[in-house]
Structures are given as C-alpha cells and as structure tokens.
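Asker: Chains as they are written, first to last, in the numbering used here: chain A, 1 to 430; chain B, 431 to 860.
Hints in this document: simulated from the structure, not taken from any laboratory. Note that the coordinates shown come from a computational prediction; the quantities given were computed from them, not determined experimentally. All C-beta atoms in this analysis are idealised placements derived from N, C-alpha and C, irrespective of residue type, glycine included. Incorrect hints may have been included.
Negatives, chain B to chain A, calculated, CB over 12 Å [unchecked claim]:
(1) L480
(2) S650
(3) K708
(4) L742
(5) K814
With a straight-line Cα cutoff of 30 Å, these simulated BS3-like cross-link-like pairs (lysine-lysine) come out [said to hold, decoys possible]:
(6) B/K854 with A/K291
(7) A/K31 with B/K461
(8) B/K521 with A/K114
(9) A/K397 with B/K509
(10) B/K626 with B/K469
(11) A/K9 with B/K607
(12) A/K31 with A/K61
(13) B/K626 with A/K311
(14) A/K429 with B/K708
(15) B/K741 with A/K114
(16) B/K854 with A/K79
(17) A/K397 with B/K706
(18) A/K299 with B/K854
(19) A/K276 with B/K859
(20) B/K721 with A/K424
(21) A/K178 with B/K626
(22) A/K114 with B/K550
(23) B/K855 with A/K295
(24) B/K532 with A/K9
(25) A/K79 with B/K521
(26) A/K429 with B/K706
(27) A/K114 with B/K439
(28) B/K574 with A/K97
(29) A/K91 with B/K544
(30) A/K97 with B/K550
(31) B/K854 with A/K144
(32) A/K291 with B/K855
(33) B/K439 with A/K39
(34) B/K550 with A/K120
(35) B/K527 with A/K102
(36) B/K544 with A/K144
(37) A/K38 with B/K461
(38) B/K498 with A/K144
(39) A/K61 with B/K469
(40) A/K31 with B/K468
Protein chains: 2
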Amino acid sequence: MKQIVNPSKESWPALCQRPQLELEFLDGAVKNILNRVKKSGDAALLEFALQFDKVKLTDFKVTESEIKSAVAQLDAPLKAAIQTAASNIEKFHAAQKREVIKIETMPGVACWRKSVAIQKVGIYIPGGSAPLFSTVLMLGIPAKLAGCTEVILCTPPSSDGSVNPAILFAADLVGIKKIFKVGGAQAIAALAYGTKSIPSVDKIFGPGNQYVTKAKQIVSQEGVAIDMPAGPSEVLIIADDTADASFVAADLLSQAEHGADSQVVLVSLSETVVTKAKTEVDRQVELLPRKDTAKEALKSSLSVVFNDESKLIDFVNEYAPEHLIINTQNSDAIADQVMNAGSVFLGGYTPESAGDYASGTNHTLPTNGFARAFSGVSLESFMKHITFQKISEQGLKVLGPVVEKMAEAEQLIGHKNSISIRLKKLNSKS
Amino acid sequence: MKQIVNPSKESWPALCQRPQLELEFLDGAVKNILNRVKKSGDAALLEFALQFDKVKLTDFKVTESEIKSAVAQLDAPLKAAIQTAASNIEKFHAAQKREVIKIETMPGVACWRKSVAIQKVGIYIPGGSAPLFSTVLMLGIPAKLAGCTEVILCTPPSSDGSVNPAILFAADLVGIKKIFKVGGAQAIAALAYGTKSIPSVDKIFGPGNQYVTKAKQIVSQEGVAIDMPAGPSEVLIIADDTADASFVAADLLSQAEHGADSQVVLVSLSETVVTKAKTEVDRQVELLPRKDTAKEALKSSLSVVFNDESKLIDFVNEYAPEHLIINTQNSDAIADQVMNAGSVFLGGYTPESAGDYASGTNHTLPTNGFARAFSGVSLESFMKHITFQKISEQGLKVLGPVVEKMAEAEQLIGHKNSISIRLKKLNSKS
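Whole structure, please, built from the sequences with the hints as guidance.
Answerer: This is the structure in structure tokens:
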C-alpha cells in the first residue's frame, strides 16, 4: 500500500483516479456478438454456448425438475442463511414503497405522481469461480416487490450444462420463473433484442466481465435501460485509534480479494492505526485462498494520513467510494457529512460483508466515483414514476392565461391555442 | 394523418416505431468539438462562439448588470406568468421530498437510506427561434429544492452577445447565479470537463439539437451522468365521442408545431371523433405561424381506431407515449391502467400545454418509448440515495453467522474472515 501524508488539494484528483476501464478494443468483438444474436437468435446462442461455455445445449430454459433437484440437494444451513438474508433484504426494500401524493398546485389543478413497475426486467448473473447467488437476492427481491410482470434471469451454464444450485435456490426463493442458460455478451443481446426462447426486456441489471459491461454499454445507447455504469469494486475505510487494526485489515482484504483491479483505500488522522493495519494486512493476506489476487490489488492501493478532519472528509467526498466504512468513535458525526458514497458502514462491528450479503441494504452500488451522481439499486430501480394531472373548468380559467402568456413568449402559438380554444368555450358557456 | 382500423397485434411494434435518431454520422464532428474543449478550454470556446454563434466574446459569464437589465426590461405580465408557473412547479416538486426511513432488519441491525443532493449540476438551455425559459424553471427549481451546491447554466448567445431576457429572468428567479454564454456540443464539453471559466459538473440536464444530444451521449459513456436519452417530442391522445373535436385537434397541433419529427397519435373507439378531429386539424393548422412544421409532422402521424377498450389500452402501453392525453368520459378508469407513459393529462380541460408550462409537473419527459423504463425529471433527478447501516455487537452475533455461511459458499473467504475476526473478539469478551 502506497502511503501519503497530507496530500495537497491539487493532488487529490490524481489520487481519486481509478484505473480506466479500457473497453474500446472490445467494441468490434462485442458488436459482432450482438449482431449475430439479433440476426440469428437462438441459433447464435447455441453456437456461443458451444464456443464459450463448452456445452452443447438443446434448450436454454432451466426446467422445473432442475430447480427442484437444486433445492433438494442444497446444504440446509446454507438454505437457512439465504432465507434470512432474503428476509432482511425484503424488509429494507419494502420500506422504500411510496404512497401517491396528490396535491392541488392551484384551486382546480390537481397533480400527482405514481410509481409503476417496469414491466419486463432482465437479471444477469455471472458464472465462473464464484457463484453470485447473493446478487440473485439483491436484484430479484426488489423486482418482485416492485411488481415487475416479467423477470428473466440469464446465467451461463457449466460445461456439463448445469447451473449452480445456490443460484437456482435463490431464484426460486424470490419467485423468478424464467431462468435461461445463457452467459456473456450474448445473454445481454438476448435480453435486449429477444429471441424465440428468451423474451426481450425494458431494463437489464447485473454485474459481469468486460464483455458483459461493453454489451450493456452498447445496448444502453440503443434505448434499453441498464442499472448503472460499471467499474471495479472498491472500499474506502476511515479509521481512528479506537479502531481494531485487525478488523480494518480484514475489511481491506475482503475488498482486495474481489479482483486484481479492486480499489482499496485507508484514510486516517492517525499514522499509528495505519501502520498497525498494514502489519495486520501482511499477516492476514497469507491466510486467504485468493491471496494472489488480493496482493495484486494491494499493490495499487492507498493509505492517506490527514492532519485535519474536515480535509479528510472533503477527500472522502471527492473520492466518492462505492463502500465507505467509518470505523471511528465519532462515526455518526462523520456520517452526517458524507455527500458522495454508495453505501456507508458505521462503527467497529459493521463490516462491508454484512451489507454485501445479508443486512438488508443492496450491494449493487455505484463504483468509479459515480456515487457523485448515481445511487445504488433500490426498489425504485425497478419502477418508474408517471405524473398525472387533472384540471377542472374553474382550474383552467385561473391557470389558462398564465400558459397563454408563456407559450406566446416562447413563440409556440399552437400551445397557446390549445388553451384559448378551451377558455373561449368556457366563456361562451357562462 | 394515416388512419388504421383494428390493427393486428403483430403490426403494433411497427406502429409504435419512432423514426430512428441518426446520430452516428455526427460522431467525428462532435468528438472533435469535445476534444478541442478538453484540450484548449476557454480558447476553444471563444473560437466556437465565433464560428457557430457569430459573436466575438471577451467573457462567457453573464454579468449582474446584464441580469438586472433583463429583469427590468421584461414585460410585467410575462414576469407574473413566469412567477405563477414557478410557484406551481415548486409546490409539486417540494412534495416529492422524502424523510429518512430507518428500520431494524434484525435486532441490532439498523439500516437507512438518505437522499443527498448531487453537488454540481449543469443545465443546458438551447437558443434559436424559441427561447425555452420554461425549461429553466423545470430544471432550476428541482435543483434548488434538492440543495445542489453548484448550478451552472449554459445557453448560446445571440450574434450581438446577449442572452434572451426571459431566460435570464427565469434563471434569476430560481436562484441560478452562474450563467454562461456557451452553446451546442461545446457547452456540453465545458460542463463535462470544465474550463478555466466554467466549472465541471456531475450531471448534465436539458434539451438540445442533435449535436447536443450526441455530445451528451458521448460524455455519459465517460462517466458524467445525464438526465435521460433524447428523442423527438410526442403526444398520444385517447378520445371518445364526448371529447370536443376542436380541443383534440388543438392538442395534436400543439405537439406537431414542435418540429417536423414530432410524433402525433390519436386513438379511439369511435371513428366519428377521429374524422371530426381531422377536419378540425385541417382547419386549425392554417392559422399557425409554424404551419409548415406542423404539416410536415402530421404527414407521419397516425390515427388508430380500435373496437375494444382493453386492446386500445394495451396499444397505448406498448407505445409508451411521452405525453398521454385521455380526453374521455371514463378518463380516471383508463388512467388506472396506464403502465407506460411520461405524463398523463385527464379530461377535456387538461391540455398538454398546461403541463408544458405551468401546472406544476415537469416537462422533461422520456420520449421514444423510453417511458417503459425511465421517469421524467423530478426532485430525485437532482439527488442520489446513500444507504447506511450500523450493527451493534449483539446484532453481529445474530447476523454474522449468516454472512459467514454465504461468503463461504461464494468462495470469498476474505469476506468471511471480516466477520469471523469480529465474532472471535466478541466471544472472547463474553
């Protein structure tokens, strides 16, 4: 970990810089995949399954019996853990429901706003080494609470044509009925354009490798909504001398093990705790199965010591971390000053892992400084708001002349006429 | 207007198709503008002002005295109209404020979600024939209510170096202090990258021509948030025999006058009202100053007659119109079934123009079918949600083992350790 003491404000932008996601070179390859799926549908998907997943599929859809057998074979304590996590996630996201608020902006001018589910949504769950069944909960539960009528899950099959049973159990638990064995950029293409087997959707959610990221970027330019722009996962920890350095180290490492490009930052007013945490990192990293990955991530990681708390907080807001752990005695006071972050963890007994899995908050969060303008996934990510208005005859008599005046000044006489023709009729009536 | 009676469901996707926005050919030209601003900052902006706006500027910032003189010279009834509109817009958007809801998902596991303003936002207001001061209100008011600390407005100058006084009055009214005379793709570049004169922002709002649209598309790929994808404005009207055909025609024309590519659709169960409305359109269009534009838009417009109300509603939801006028006796009942629309206008005395200017709802809305997954601009468009959590020692004792089990199953042992190391300490304490 590179250590910096009291960096000047001019150096902050460079310190807050994440590695650039180099995706341009994938443009041709991914566009080719998208076009083949657009043109040949299921036939293209079968070819890609053979090429990338090394499996000859006859059908993409996971059957009822595959789901039943996954549910039956999964370890009972793991099932119970997933059920507890699901219950917490459901509680937190259900609390986000909003009532319709109807107001009269003027007498006779009623305006309101209603949340309505996005009808068709797609969830992508990557395969590979770690089966991300937790992401099935994080995306499937708000989709169900929102009331999306069609929820499609795509995930790549293993080379024996199966899907990880924990993924199937989690999907079944949250009521997802349509699960397809399709991975990579071709899954994003299927969700965006639809094929004979796989229905197209209005919005696509979920993490993935750089092919998936590039594919989501391209289809989002074509009008399909996506959850948010992607980047490597990251944590920033604020620690003081009351923090247990072994906890700080464990939290840094739980981020570092994600990938060699994970971003790990420790900031403090105390050089002591930083030094202690680093010693602990060096000790603990050796115990990790993914220690090579974690060590790689640590190489580009950063610790910054400040001599002033307000500067420290300004720096954190400029960095805009995806995950922010505030492991200090005054964590509540610091939390009040957080302007830019995805999700914030307060105190010594609130590790990021809690939110990654089971406390109830969502783990799909803005990386790469996007927290300056983006929020994590929530119930609202699966809904849109429609505004409504109803104006009475009396209401239009009051509001109408205002609109006429403004439309005329914007030189839109057709707009003005749509009011004038009504006012004329009202005046002739009275 | 092309008329279709009882189209088969297979033909709906083609009927719902909007003209493709052809922006690819602009790629090179717009990237060149963006790169020049990124590289040369203000110097490039001065050159573009000379080239595109035909004006030699010495400074971009609108001065206090320019604002004062605009406020002084503007017609008093127009000022009053703008003030009334602003007051309605403020009431509607202020009602969207949300309280923090803190819940315990398990004993000792507290989770909450806080709305925080996006710190720095940019508003683009096009120049040209119609000075869109109404858009200044629609974007500036929620920005102020959200509490954005920096609101930057860019708008192109006239060839005499001035800015339309109604735009300056509206900006001053909503408290925007930083107004710059910069237009087109170069304004988007300045807001995205910053120059010596113009600060960079986290999110860019506002309409514009195809250069502006392309520039917003490009910078959004680079991590600057934008309000929503753009497309030509559109209205769909549902009318029955109780509707006044002259009102229906005036509403169709108020959309058609926007641009030759405006989308105008009339649907009904009654061929009679459609025929009457068309006759009225032919009469009223001749009275419009923008009649050539309106006639051009009408060429590609559509009327569809259905023999079944549920089919009619399904079609409307598939079309997902930006503006939906329900001018029928049962407008409330139909409104309940609207799943996809930007903003909905109910009854005979609620023309779209009311919402375009002054009723209080926002007029920045999803076009091109994007209403399937996107919402119009609201208070939330200027905020992001940050989640927080705080877990007590007792809370972690209950939640911790759940996380350990799940992390292990996802093969993320570093995640598990961040829990285990804490539980170990807690167990040694007790």
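Asker: State the violated hints by number, sorted upward, taking the hints as numbered earlier in the document.
Answerer: 2, 5, 21, 24, 25, 31, 34, 38, 39
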